[in-house]
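Could you build all of it, start to finish, from the sequences and the hints given here?
Residues per chain are reported as follows:
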Amino acid sequence: MTVRTYIEATNQALKQAMRSDSNVVVIGEGVPDPKAIFGSTAGLMDEFGPQRVFDMPLSENGMTGICVGAALTGLRPVLVHQRIDFALLSLDQLVNIAAKWHYMFNGQATVPLVVRTIIGRG
Amino acid sequence: MFPLFFGDGCFEEGVTHESLNFAALHRLPVVFICENNNYSVYTSLSERQPNRSIHGIAAAHGLTTFSGDGNDVEAVTRAAENAVEFARSGAGPQFLEFSVFRWREHCGPNFDDHLTYRTPENVVEGQKRCPIQLALSKLAESKNFDDQNSRIVRAIKQEIDDAFRFAIESPIPAVGELGKFVFAEA
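From first to last, the protein sequence lines stand for chains A and B. The first sequence: position 69 = 372 (the working numbering), numbered continuously. The second sequence: position 19 = 1421 (the working numbering), numbered continuously.
Keep in mind that a hint or two might mislead.
Here are some chain B residues pointing at chain A (derived, C-beta under 7 Å) [stated by the list, open to error]:
{"#": "1", "residue": "V1417"}
{"#": "2", "residue": "E1420"}
{"#": "3", "residue": "F1583"}
Simulated from the structure, these hints should not be mistaken for lab results. Virtual Cβ for every residue (Gly too), placed ideally from N, Cα, C.
Encoded structure:
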């Protein structure tokens, strides 16, 4: 049986998802930086480029809203929070916006959004 | 190009500034349109924001801005056309601020001036700037105005009546539908 750390498994899963669907994008503060979210996003920028892998301003609430819009219009965003403290700022958009669209539009809209967060080191 | 409408109260929310920053950073084709009616529910602008303009803050975020009288139909049309054209041409996000008058209650179809959150003088002054009346008085001298006006008014009234009839005649949703679409199927 292959043994992997959680970080390695996350990195592999992101690469597989991005290879199989060109609408998958990864966004988060530090995603393309040298430490690459404890290594979990390592190599993504090299393989998929800046159109699909990018950093963001320190605007967790706003960026979650932008990812909700991106998901509604066809992208498959993976929003990454490096710290749980900042991830809580996403909750406004997740609870008040993301969770409501499907019901509001009678099932005609979906918000296929992945939000990753890390408690401790992951 | 994406037009986005909001009021003066929105400008106190952090997420609004986050959005302006992101739109300017990536030069997104967004037209932000602030309808400033000076009130958030019953709290006036002077109790919520310092004495500086809203569009000035948008300019500081790096947006191209315009501010004007939201009651002047022609001026609003010109400003909106320019902003849409700039946004589409790749000039980055645009910000329009229009001063307007709140006609009815904060949320609903009735009047709430009896609550005296603003003075009767304010109300009279605001009503004098009715955008429809201002536009009508400009158009009144044009050829065939009366015929065209009554035709347009009739069509609008018909559309409203039809919408009301559709709503009233539609069945009330069954209780069983309440949980439908709360969760999306995987």
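Hints, verified against the model:
no.: 1; hint: V1417; in the structure: holds, 5 Å
no.: 2; hint: E1420; in the structure: holds, 3 Å
no.: 3; hint: F1583; in the structure: holds, 4 Å
When each numbered hint is compared with the structure, no violation occurs for any of them.
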